[in-house]
Structures are given as structure tokens and as C-alpha cells.
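Chemist: The lines below spell out each chain.
There are 2 protein chains.
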Amino acid sequence: MTKWVYNFGDGSAEGEASMKNLLGGKGANLAEMSNLGLPVPPGFTITTEVCTAFYENNKTYPDDLAEQVATSIKVIEDTVGAKFGDEENPLLVSVRSGARVSMPGMMDTVLNLGLNDVTVEALAKKSGDERFAYDSYRRFIQMYSDVVLGVEHYLFEELLEIHKEENGFVLDTELGAEDWKELSQAFKQKAEEELGHPFPQDVNEQLWGAIDAVFGSWMIERAMVYRRLHNIPHTWGTAVNVQSMVFGNMGDDCATGVAFTRDPSTGENAYYGEYLINAQGEDVVAGIRTPQNLTKESRIAAGSDMPSMEESMPETYAELADVFQKLEAHYRDMQDIEFTVQQGKLWILQTRSGKRTAPAALKIAVEMVHDNIISVDEALLRVEPGALDQLLHPTLDPDAHRDVLTKGLPASPGAASGKVVFTADEAEEIAKEGGDVILVRIETSPEDIHGMHAARGILTSRGGMTSHAAVVARGMGRPCVSGAGALHIDMQEKTITVGGRVIRHHDIITIDGSNGEVMAGEVATIKPELGGHFGELMGWADEKRTLKVRTNAETPMDSSAAREFGAEGIGLCRTEHMFFDADRIIDVRHMIMSDNEKGRRDALSKLLSVQRQDFIELFTIMKGLPVTVRLLDPPLHEFLPQKEEDFLDVANAMGVDLAFLKRRAEELHEFNPMLGHRGCRLGISFPEIYEMQTRAIIEAALEVSQTLGEAVIPEIMVPLVGSRKELEILNALIRKTAGEVIETSGEKLDYMVGTMIELPRAALQAGEIANEAEFFSFGTNDLTQTTYGISRDDSARFLDDYLKADIYEQDPFVSLDQDGVGELVRIGVERGRATRGDLKVGICGEHGGDPASVEFCHRVGLDYVSCSPYRVPIARLAAAQAALKQE
Amino acid sequence: MTKWVYNFGDGSAEGEASMKNLLGGKGANLAEMSNLGLPVPPGFTITTEVCTAFYENNKTYPDDLAEQVATSIKVIEDTVGAKFGDEENPLLVSVRSGARVSMPGMMDTVLNLGLNDVTVEALAKKSGDERFAYDSYRRFIQMYSDVVLGVEHYLFEELLEIHKEENGFVLDTELGAEDWKELSQAFKQKAEEELGHPFPQDVNEQLWGAIDAVFGSWMIERAMVYRRLHNIPHTWGTAVNVQSMVFGNMGDDCATGVAFTRDPSTGENAYYGEYLINAQGEDVVAGIRTPQNLTKESRIAAGSDMPSMEESMPETYAELADVFQKLEAHYRDMQDIEFTVQQGKLWILQTRSGKRTAPAALKIAVEMVHDNIISVDEALLRVEPGALDQLLHPTLDPDAHRDVLTKGLPASPGAASGKVVFTADEAEEIAKEGGDVILVRIETSPEDIHGMHAARGILTSRGGMTSHAAVVARGMGRPCVSGAGALHIDMQEKTITVGGRVIRHHDIITIDGSNGEVMAGEVATIKPELGGHFGELMGWADEKRTLKVRTNAETPMDSSAAREFGAEGIGLCRTEHMFFDADRIIDVRHMIMSDNEKGRRDALSKLLSVQRQDFIELFTIMKGLPVTVRLLDPPLHEFLPQKEEDFLDVANAMGVDLAFLKRRAEELHEFNPMLGHRGCRLGISFPEIYEMQTRAIIEAALEVSQTLGEAVIPEIMVPLVGSRKELEILNALIRKTAGEVIETSGEKLDYMVGTMIELPRAALQAGEIANEAEFFSFGTNDLTQTTYGISRDDSARFLDDYLKADIYEQDPFVSLDQDGVGELVRIGVERGRATRGDLKVGICGEHGGDPASVEFCHRVGLDYVSCSPYRVPIARLAAAQAALKQE
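Chain order of the listed sequences is A and B.
No gaps in the numbering here: position 412 of the first sequence is 412 in our numbering, and each next residue is one more.
No gaps in the numbering here: position 35 of the second sequence is 35 in our numbering, and each next residue is one more.
Think of the hints as simulated: they come from the structure by calculation, not from any bench.
A portion of the hints provided could be inaccurate.
Chain copies aren't distinguished; within one or between two, either way the pair holds.
Stated by the list, open to error - With a Cα cut of at most 25 Å, we get these calculated SDA-like pairs of lysine to any residue:
{"no.": "1", "residue 1": "K643", "residue 2": "E666"}
{"no.": "2", "residue 1": "K643", "residue 2": "R663"}
{"no.": "3", "residue 1": "K3", "residue 2": "A665"}
{"no.": "4", "residue 1": "K548", "residue 2": "E529"}
{"no.": "5", "residue 1": "K494", "residue 2": "E688"}
{"no.": "6", "residue 1": "K885", "residue 2": "N372"}
{"no.": "7", "residue 1": "K527", "residue 2": "H453"}
{"no.": "8", "residue 1": "K544", "residue 2": "E367"}
{"no.": "9", "residue 1": "K326", "residue 2": "D371"}
{"no.": "10", "residue 1": "K662", "residue 2": "P641"}
{"no.": "11", "residue 1": "K407", "residue 2": "E666"}
{"no.": "12", "residue 1": "K725", "residue 2": "N781"}
{"no.": "13", "residue 1": "K181", "residue 2": "A122"}
{"no.": "14", "residue 1": "K407", "residue 2": "K527"}
{"no.": "15", "residue 1": "K432", "residue 2": "R663"}
{"no.": "16", "residue 1": "K598", "residue 2": "L803"}
{"no.": "17", "residue 1": "K326", "residue 2": "L229"}
{"no.": "18", "residue 1": "K432", "residue 2": "E667"}
{"no.": "19", "residue 1": "K598", "residue 2": "N652"}
{"no.": "20", "residue 1": "K736", "residue 2": "K840"}
{"no.": "21", "residue 1": "K804", "residue 2": "E428"}
{"no.": "22", "residue 1": "K74", "residue 2": "E121"}
Keep in mind that this is a model prediction, so the values were computed, not measured.
Here chain A stands alone, though its shape is the one from the complex (with noise of 0.2 Å):
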């Protein structure tokens, strides 16, 4: 005879956590916990093989399920010690679905099921409370016709709305004990009208009715594509959970609480959590009551007057804390646990691994391995990587006061308070000055990098979470809000207008960039504390990690950053960067406005030199390790000014007239920059270009090992390429130039050469382009941006509409695309390294700082990731994560 139903309950169950393919999951973890011989309301598990035999037999149960179903009803009213249906002592139990994982589309739970107009009056009775057993009686009509017999909701909330204006009450709490009896009359006759036969008052009615309702959802459509879209096969099948029911609000030697056997804010190992007396479990969630501490200690600390559990309740507190350390103990981590005490008796009702802030993850898993409860590798697999950004950058301070204006994107994290400014010479000025500033723009452009530098923060009205400003201030480590919508910035008249409230110029503002909430004033924050359990948990991951981390950076100050950080190189330097300085961009604006190469020689000849110096600051910074330069990419057109004045100027410092230059800005105009004449483009047409850059790169690196007795090994990386034969044409430029530098210089030197990978046919060309290559970067920036055909700067405009609707699960310039991106990069992998078995991969977009891209790094076999300064632990963690996984 095959055994369908599984008893579980207060000290012992027939099953255990390892059924959960039988039991389902919910029902695998009740028998747990009993087995734990914790006080679990007792119950029983009818098994997925029921759902699936359901199936199989044309909807039919199995012949002996009933009688089993019985004897087990019949064992919970023994342990109760109340009888299913019984007039005096009634007996109630919850029906819950539980398959192996949890689903949408599956039925809700059922609670108090077993009432009845008789058993109603029972539970009065025992209660003692009769308001309370009519409210629970409408309750469980109301849910039962809605779950089980199809009887749409509205039908009775309109009901209680009609009762309610009838009497004047506004608030349900204003209803007493006559007002639900009534209720659930109405609720009842209006279940009949609908159904067209009584609502059921036997109670095993009741019972099979959720039962058929669990097995009956299996197949609904909702969980049927939910199903299909995971992979999760129809003959799984759901487990039914039945349940006694306890009761926290029977008087006041009853009462109901949530608890944490760790602190989830700070990680303290020390109990934490609320109770009420003679309440309901959603009473201590809903904020209606003020819940009371738990411990002493809290309460003392709270300065709260009301008595703690450990002191109005001492006994039943002892056995609480008795059931932490065991819990703790057996799962082997902070538990988060929901308990009733039903006249003087401790019912556990749940645990599970509790949430916690970063800095309590961090804490708590590096405690834990200290006292030998957890291993180093499951320490490292307790933090979220992303979640770390948290602990890099200073926070706001949760106690103090926020006037918040308007909520934007979360674009770079971190806090930050300054004074109003609207253009990036002004926040330079001030900063030069020491002063604070938040520089807020429509949006922020190339020619705005000096600006964001000097700011504390960046605060845009348009653009998302990777828009020019998003990804510059991450890269900076600058906080920064993007695409808040509703600030109407008035560059002329210098305000910001936010929901009828004006902003004006050198007004104080606060801007949280992990929550993306903009603020009125300053408000106060709270500094990064990097040492201990920090630095211990880094030095596991980067035991545990294969994958390296190296850094996006140009600047010495991101460059130091990142070392600190625990960058092991730089994976992109992007030189277009170190071409913005006021000093520099005349002359780059020169260069362009040559129609001639002789012109564009004299004007990179000056340029030369301050490239030069540029690297060897970063050389140094960087000393022993390798940095890859990305050659020039964008296209010419951005070096350009943008405003009136700004072409005169230019005109004036080069002495040409406004219109030639005009006409000049006119004819680089671009229809699809992105698409344009840029990365290795200009190499091809301009290879004067990348002849400097190289001689820069080249002479800086022979200088710095000369200074500092330690070699650099420079990676110089062409961008945008998509045939070998582009590659092939600059990597003789590139090394012809580099071999005459090196010649004349007498010395030796190492460098690569190599190329981004960063469009859909450079993937597919891999193995041709890796004759001519020694290592690919893949800029999945911009491989996202081909492979979905869509433009970073303007997918905000659908991206909303494209996450509500599903079709996206992340924002793919966020998270790696693995389905199609990623199959590129598997592609690009795979085909470069076949012709050349030592290619060095990595990925240098922004999804390098991303765990979820970076496990996939890892699966994909690259060499490194390399992500802006402050992702470079991040990326640390997430590497080790990626590796213990694979193990």
C-alpha cells in the first residue's frame, strides 16, 4: 500500500528535509522542524505523488487516500486534543499548496478552515472572546468562496462597505462581535446565491473541497507557463500542507512575536525581535500595535517602558530561546522565526535564513567561521556580492530627517549633500574653493567630466541606469541619481521646480544614489568602515577566485582607488577621457578641424607629450601590473564645443574663421554615432591617430621601468573592430611604431597587442581576428548595445515598459544578457582560442562588476574581469562565488 499521507507535528514527523520531491518544500521543512522535536502545530503532508496520480487517472484519487487522509486527521485531534467538526472543542486546521519550489498561480492559503455555524460558537466559547470567532468565521467564508469555490472577492468586501456606511463606522476595528455575526450571515447567504447551493457547513466538506482547489491549481495557465518558461516538469507535481490551527489572541496568557536569533541590522550576535500579548500574527507586522522588545537588553536600550517577553513571559522565553540555538544550530545560520503562545503553550510557526543588512552579512558569516559553525567557502557564499557596494560608500543616516522632493534611478550608489550648481565650470570653481556641490544636469555630455569630477554627486532629469552620467559617476565612485523625471530644470533661470517647490542655484540638496530619493537640505551620513571582517572576507575570495579583477580607469586618483580596492591591473583605459582637460582640448580641437594630415600631425605632436605624461603617472600608480589602453574611440565630433561660444572661442584660439569651422562641425555630424565613424574607423582613416598614441604609450612605459626599475606590460587595444583585416592593417601600424620607439630607445620592452571585442561579427569573426590579436576585451557595453540593436542613451524610454511587461528580466546593460550576448561571448571565446590556444579574454563593459555577469565569466573561461573602482570587490566576492559553485 502506497503511503500518500505524511504526519508531521509537536516533537516528531514521518518525514524529514531530505523529501522535499515528495513532500514538497514546505512540507519537507514542517516535518524538519518536528523532527527537531520543536512545538510544531501538528499536521500532515498529502504527497506530490497524489498530484501526479491525480493526473495520470483522469482526476481521481487514489482509492485509499480518503481512509489515510482520516487516520491522519484522527492523529491531530489526538495530539490537539480537539475534535474536526467537534461542537464543543473544534478543531481547525490551514490547507496550504507546497510543491518542490515555490510558484505563482498556486492556491492561496485557506485559514480556519473547520468553522461552521456551530464550531463558530464553539471557538466563541473556548475563546471567551465572541468578536473574535465571528470575525474569524466571515474570514474564512470570504476566503473559502474566493479560493476554493470561485466566488469573486469584491462581492463581500462590498458587503462589509455597504454594513459599514449603513452604520456610520469607518474603520473595521469600529465593528464589534453582533456586527461580524451578521456579517457572516450575509457572507453565507451571499456564497449561495452565487454558487446557487448553501455554502458547506460539514466540515469534511470543507476539507476535500481545499484539497481538490491545491490539486487543481497545478494546472491553471499561470503556473503552466511559469513552468514551461523554467523548466520545470508537470509531473513534479504539489504536496497539500493541513495544519492545526494556533491562536495568539485567546486572552492574555496568549501572544504572538517574530524573532532573530542574530541582529539583522548590525549582525550582533544576540537575540532580536518583537512580541505582542493576546494578538494575531499579522497584528505585529501591521504597525497598529507598537510592538514590545523581546530581551531585556533591547528593551533598556530602546528605552522602551513596556516588559520584555524574557520578562512578562519568563518560562516560555526560556523555551523560545532554547528553540533559537537549536535552530541556529541545526541551519547552521541566522534564522528568522514566527512563533504563537496559545494560552501559556509555544507554537513555532516558521523559520527560515534571515534577511539581513550588508554590514550584518559581512559580520555575521565571518563570526560564524570564527566559531567553527560554518565553513570559509559557505562564508563566502553567505554575501551578496552586490550588496558590498552598501559598505564602500558613505550612507545616509537612517535616524535623520529626509524631505524628499522626488525619487530617480539609483545610478551610482553612496550619499552625498552639496550645493546647487548647473554647469561643470562652476562646480569646479567652487570646489576649488572647497566647497560642496551637486551638479545637476538634463543630462551630462563628454564635455561635463571635469564637472562630475569636482561634484560630491550627480543628479540628472534624464538618462538611465547606464546613461552617460550613470555610468561616469560609477566609475568615479561618485553618487549619483539619474532620470527623475519629474524635476523640471530651467538652465536659464537657474531652478529646478519638484511638485510646486522651487530649487534655486546654491541651494543645499542631499541625493542617495543607492535608493535614488532626491532631498530638501543637508542631511547628516554615515562614513565606510573597510578594515576586519571586510578585509578578511576579501582575502577568502581572492584564495577562493580564478577569475582576476582589474579596473575601468584613466585618472590616478580612480587608478589608486582601485589598487586599494584590489584591482590586479587596469582592463580599459579609455584615453578619449584624457583628452577632455581644458588644457588639452584646443589642441585636440585642432587636430579635428585639420581637412589635412600634416595639420593633424602638428596638433598630435603637442599632444604627444601630455599623452605621454598621462601614462606615466598611470605606469607608475600601476607598477608590476598590466594596463590595457584602449586606442581612441569615439567619434571625432564629441571633442567638439556644443554652444555658440564655445565655437568662437575655438575659432579665436585656432584663428580660423567661425563659419569654416561650423561648416567642419556640420560635415562630422552623425546620424547614428554610435554606429559611426569611431574606434578603429579612425585608425583606418587617420592612422596619424593612433601612431601618436602608441609612441605615447610606448615612451611612457620605457620611461617608468627605467625610473622605477619595474615593468609595466602595456596591452594596447584597438576598439570596434569587426574584420581581421582592420586589425591586421593597425597591428603592423601599431608595432611598427612601438618597434621604433623601443630601437631608438636601446632598451627592451614587452607590450601586446590586441582588440575589443565588442560587435556581433567581431564574435562570429573570432578566430580570424585572433590571428592578429593577443588578447580580447569584450565590451559587452557596446555588444549589448548591437546584439539588441538598442542605444543606451535612449532605452529609457521603452526600458519601463519593456521590465513591466516581462520581456526583460534586468536591464541588459545592467546584467548580461546570457541568452544572446552571452552566446556571443561563448562564440568569440571558443573561436579565438581555437587559433590561438594562450589568447588572453577578458570583458571590460560594465556588466564586469555585475555578479551575475561576472559568474558567467567565469563559467566562459575568461582571464579577468575588469569593472569601475568601486566594483572592483564586488567583483572579488562574486569571482569566488562563481568558483565554489563550479566546484
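Got chain A sorted already, so can you dock chain B onto it with the hints?
Modeler: Here is chain B on its own, set in the frame of chain A:
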């Protein structure tokens, strides 16, 4: 003993056509002609195996090579009756390279080898023309020094210029025998100075020098790069051809000419050609003397009073006609033959399949089938699909008034009108702006090619039917009148004077390349006649091909034209083109400007009736055939006004203020519209647009099938899909809307829903997407843009650089990139069909009308291609050829 050297000539040969791998292309053909009994100047071929042995053995020749060469020289001497290096009767030879396929970088021809200070005198005596002899000698010294000895060309040019200056000569023709004699000594002197040793007087030393040079050129950089790019192994090697010289300029019993076995312009089955008495081969081509007709008939037709060869040299002509018959019968194709008559003896120098106009190609191919010379399959392969273009274009209306200025040679058929321009650069400039020009030149050179391409037609005052202008124009399908000697072209003044009239720069003229007429002003044209041979060939093509051919069209005019050209449906109807009409753009703008759904729906309801009417017209024209309608694709801002005054008009019409309108336009601005809020992204954000379009399509289809009693099968196509979910949502929307319309009508209607595959991600995810699509249409324009990361609109800036540097063999927007984009197409087809076996797959980019791309589409198993109406016949023929090539 290995045979290294193969003799040929004058009626027999040791090799034959099938020995191309051993003898190279040229050597094998010379042998073949000899075997046919034709009078080929005797010579020998040194095999490609010598080349291979040479490089395998450290650049040394096989031991017995010298002896075999000496023997073969002896054979020539015996045949010709002259001796190599003889003081009385010297044998002169040419030396040429000749691999299996011709390739750049290989050694140029050396002519007149065997001349020295002694033999030149003998040549003078034998020819009776001392000027000719010394001119030949100095040419030989210059050519040999340059090609074999590496003395640069310009050094000799300088000497010639100095001599002319000192003697007051302007043209080379002014120099006499003494001048050339003097110069040949000076050339020898210069070569000695440069080389450090005398110019070789020993004829065997000359010969081996030339042989060395041929083999040496096999391994020069340029040839090696070419072979690598074309996958030609270095081991193929090159052969060397040594052939006795013949001269057509030794007196009035000498002649030289070029002939075709059929008229290359019309295809008429009549000998066709030109010759010159007492001339060198290059004189005929160069256009310095106007050549005479070959046959009496053609002389009379041309109204020439210069005797034809048939009249002036009847016996030789008869011999030549015999050769024509033999060659055409042997090669089973119209032949282009070069011949020389030396002192009454006919020599055949070369034969090859003759280049021909499209009408000629068509006529010859079809007539050869009728005459059982070739099969239908061969005929289909004989016509270049792209050349059909020429047949589809207009000719002059015979009834229109013609103001004929003069008559030249009918060098390339077709009629054209345009502004007179005198330089290629100007032709290109004006054409870029959309202007029609006729390029007028005294004669053309390779430097004019870009201008000839840009021009509507070409007119020259000098040069025959085989002049540069004529040959190139025929190849390009441009009308051309050549050798219109009555025109006095003044390049300085930019005028043409003819019969007392002056045509000025930018005046309009018309040329008729079919009869040679040059007319003032514009003359009306009529549509081409597509019956007869054209219809017959197309019928054969349709029987062979398996690929269907549809058209890209949305106007009734284009659709009708395409149906006449044989389109089997519409593969792409771009609905947005329908939005630009003046009477509806205002409603479109209304829709765009609305910032809420209600406003958009109001505007859309007005558009519904006009869209429905569009589809009714289209479906009526296309009745019985499938019509693929693409839902709205471009970003909305494309419909907005550009200019200030237009903005004002729209604001007035809409009754909104200008500032609002401009702000909305500003909001819609995109940095990279190609990658922006367009395609199905519009459908996701504004479902009401796609809903309206679906309604219009289905209502129109219902109406047309009721009215005509013949169904159309609308295929509703969603653009720019990148993931399954997008299409899932829109498919549901379309089916819901269509279902409602059909249900309301009470009729039945079949329709399909499918998608474009135009993003790399769509191709990669095709397996998923096919779950929601009944058909795929590859949008290879966008797919090329995203795969390469290149915007079509901006690529012009660097495309030239890329073509020059051989990075692209062809503009990837013209001919499909089969490696990169093609791989994605293959992947898309495979994965799509794996999910849905009966998935209909086509292509609707510009590539659908490019023959190479059509062949690719056939190979990867597409169901159809769709192209612009005028390219439909091209695609039909290309599809037939693809099927034949695969057999």
C-alpha cells in the same frame, strides 16, 4: 626526364586546354588555339612545376631546364624562319607570366625581347621602317629595365621629356627615326648608370632575365597577400609564356584588328569588328586613328567611305571568317578575337568569350539555344543577372522631336538626358545631389571611372566601339556615344561647338547609345519592351528556380510594376511610407504629439480609414498572392516637422502652442534613432497603433476578398523583435484584434503573423521566437547595421577608406556579408525551422536584388527573396542560376 617546357603555335601544340594547372590559363589557351589549327604565333610555355621546383630548391632551376628552353627556342626559330639574336633575320619574342588564375602583382608583359644594337638594325631593314625599329627598341629598353631590372620608369620618361623640350616637340608622333635612335642610346646609358653594369645585349641573357623576373614576381608581397585573401596556395606557381612577336605595322600588307563573332552591342549574328592597316594593336584601342569596319555590310550601315577589310584584304578576311566559325563552334560562345596581319599572313593573338551588352547577352544566349548550340541551363548561366537592369530602362520615344546635333558611334545602348559636365569629379558631385549629368570627354581613361558611374550617359569625341569609354560604359550599363568627331570640345571654356552651335556647361543634352545620336535638350522616353527573348529566358528561369521572388512595395504604381516584372507577392510593405502623404501626415503628427492614449486613439481612428484604403488598393493589385505588411517601424520623431515654419503649421492645425510642440519634439529626440524607440518597441509602448494597423489590414483583406471573390493572404509582420516575449505580447494583440474584426464580419479569412529577423539577438534566439512566428523575414539592412555596428547613413565617411584598404571587398549594404551577417542568417533559419518545421522564411533587405546574395539565400534554404520592383527579374534569373549551380 620531366618535361618542363611545352611548345605551341601555328597549327599544333604539345599541351591543351585541360592542362591549365600545368600551363596556366594563358598557356593552356594558346595551346588550345594551336590545336584547333589556328595561326597562333609560335612559342612555348615553361610549366608551373618549374616555379614550384624553383622555390622548393632554394631558388634554383631544374638542371635540364636550360636545355629544354634552348630546344624550344629552336622550334620557334624553325617555324618562323628567323633566329633569336640573328644579325639579319632576328626572332623577337614576348615574355608573359600566366598562373591558373590571373592575379595582381605578377610581372607585366615584356615585348620585343631579342632587340639589341645589332638586331634593331636588322628589324629596321626587314620592316623598311627605321623609326618603327628604334621606337620599338627604346620601348623594349624602358620596359625591360623597369619590369625585369627594377630601374624606375620615370627616369626614362624624363629623358624623353627633355629631348622633346630641347627639340621643340610636343607630341611623340613628331619624333623621327633619328630621335628614337638617339633616345634608345640615352636609355641604355641611363640603365647602365642606374644598374652599374651595361644593359644586356646578349639575347639569351635578356630571355633568362625575363624568366627569372616572372618566377620572382610569384613571391612578391602583393601577390602573396592576394593569394592568402583568396585561399590560393603558393604551391600552384606560375607558368612563363615565351611567344614570337608579330607586327601589323610593317607596311600596307600589314594590319591589326579586334573582332567579335557576333555584334557585342545588339547580339546580332553577324561578324563585327574594326581594323587598321599598317598599325600596332594598341592603335585600334587607343582611339588615335579612327578604325575601319571589318565587313562590307557594316561599312555601308555606318555610312563610312573607308574600305572594309572584307573589301581591302578579301583573302585574309576569308581566312579570318573561317577562324571565327571555328572558334565560336569550339568554345560555344561569342568570341572576342585579336588578330594581326604581318606581310599578308594572318596571326591570331588571342580569343576569349566576348564582353557584351545585356541585350546582346540575352539575344545570343536565347538564339544559341534555338540553334541547339547550348542548352537552356547554359543559356541561363550566360546572362549576368545584374546586367538585366539595362533592359528594364527606357529608350527614346520614336515620335518625340529630336534636335540632332551630330551622330557618333552607338557604343553602349540606352538613352539618357542630363546636364553637360566635363570632368568626372563634377559628374560625381552633381549626381550625389540627385542631378542627372552627361559626362562629355574627348576620350576617357581609367581615372574617369567614378564619373562614368555617376553619369547618366557618356559622350566622347574620339575613340571607337572598343575604346575605353565604350567598353567601360557597356560594362556599367550606361548609355554611351563614342567617337562623335564633329564635336569640338573645349575643356578650358567648357563648351562643345558643333555645326556652328555652342552647347555650354550645364546645358541639357540627350544621347542615344543605341544609334549614336547626340541631341540638344531633353527627349521623351518610352518604357522598355519586355517580351520576346527576355520573356523566353525569364520563363526558363522560372522553371529552374526554387526560390520565390517577391517585391518590396507599398504604392499601387510600384506594386503593379513589380507584378508585371513577375513578382510573386509583396515581401515588404512599409506602412510608414503611407503615413507621409500630405493629407494624412497631420493626423500622424496629432497622434505623436498626444501625451495620452485617448489622444492617440482619436488621431488613429482618422488614420484607420486611409490605411484601410491603402491596403484595399494594394490587395486588389496583388490578388491571389501573399502580401507581407510590416507594422509601423521608424521612431515617431521621423514624422515630425524639421523646419520652423512647418512647426508653426502643425501647431496651428493642432491648436496647440509652439512651445509645447517643440518641447514634445525635444523629448522625442534620440541620439541614435536607429537603435532607439522604434519597431515593435512602439507596439509595446503604444499598442493602439498596432491595433489600428491590424484592423486596417484585416478589414481591407475581408473587403477585397468579398469584392473580388479571390482571397489575399495578409502576412502581418512585427519589426525589430529581439526576444520571444516581445512577439508573444504583440502576437496576442494582433490575433485578438484580427479575431474580433473577422468575427464581426461573419466571413472567414486566413492570415499569418510573423516577424522580421533583423537583430543579431533575434537570429540567435530564433528557436524561441519561432514559437510565436509563422514566418521570418530577414531584414538584412538592419541586420548588417547591427552586426557590423555601422550606420548606413554614416558609413559613407569611411567606406572609401575601407574599400581602398581591401577591408571590405564590397559595400556590405549592397552585397550580403556572407561570413558575418550570413552566419546569423544561417543560424536563424536552422533554429527557427528546428522549432517550427513549416516556418516560411524570406529576406526583404536591399540584398534581395543582389545576385550573389540571392545565391546565398538559395543555398541556406530560404523560401523567397523580396526586392525592389526593378530588380525582380534580376532576382528571378539569379535564383535560377543558384539552383543550377547547386545541381
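Chemist: Please work out whether the CA atoms of K725 and N781 approach to 25 Å or closer within one copy, between two copies, in both situations, or in neither?
Modeler: Both: 23 Å inside a chain and 22 Å across chains, each within 25 Å.
Chemist: Classify it for me, K432 with E667: is the Cα-Cα distance of at most 25 Å met within a copy, between copies, both or neither?
Modeler: between (33 Å within a copy, 15 Å between copies)
Chemist: For K736 and K840, with the copy left unspecified, which applies at a CA distance of at most 25 Å: within, between, both, or neither?
Modeler: within (22 Å within a copy, 52 Å between copies)
Chemist: Can you give me the call for K548 and E529, within, between, both or neither, at a CA distance of at most 25 Å?
Modeler: The answer is within: 24 Å in one copy meets 25 Å, while 70 Å across copies does not.
Chemist: Is it within, between, both, or neither for K432 and R663, if the alpha carbons may be no more than 25 Å apart?
Modeler: between (34 Å within a copy, 18 Å between copies)
Chemist: Checking an output row: K527 and H453, CA cutoff 25 Å. Within, between, both or neither?
Modeler: For K527 and H453, only the intra-copy Cα distance (20 Å) is at most 25 Å; the inter-copy one is 67 Å.
Chemist: Reference check for the pair K598 and N652, CA-CA at most 25 Å: within, between, both, or neither?
Modeler: within (21 Å within a copy, 53 Å between copies)
Chemist: Can you tell me if K494 and E688 fall within 25 Å by alpha carbon in one copy, between copies, both or neither?
Modeler: Neither, since 43 Å and 39 Å both go past 25 Å.
Chemist: One pair to classify: K662 and P641, alpha carbons no more than 25 Å apart. Within, between, both, or neither?
Modeler: both (10 Å within a copy, 23 Å between copies)
Chemist: Have a look at K804 and E428 and pick one of within, between, both or neither, based on CA distance no larger than 25 Å.
Modeler: Within. Shortest intra-copy distance 18 Å satisfies the 25 Å Cα cut-off; inter-copy 46 Å does not.
Chemist: If the cutoff is 25 Å on CA atoms, where do K885 and N372 land: within, between, both or neither? Let me know, please.
Modeler: For K885 and N372, only the intra-copy Cα distance (21 Å) is at most 25 Å; the inter-copy one is 74 Å.
Chemist: Reference check for the pair K181 and A122, CA-CA at most 25 Å: within, between, both, or neither?
Modeler: within (14 Å within a copy, 136 Å between copies)
Comparing the model with each earlier hint shows violations of hints 3, 5, 17; every other hint is respected.
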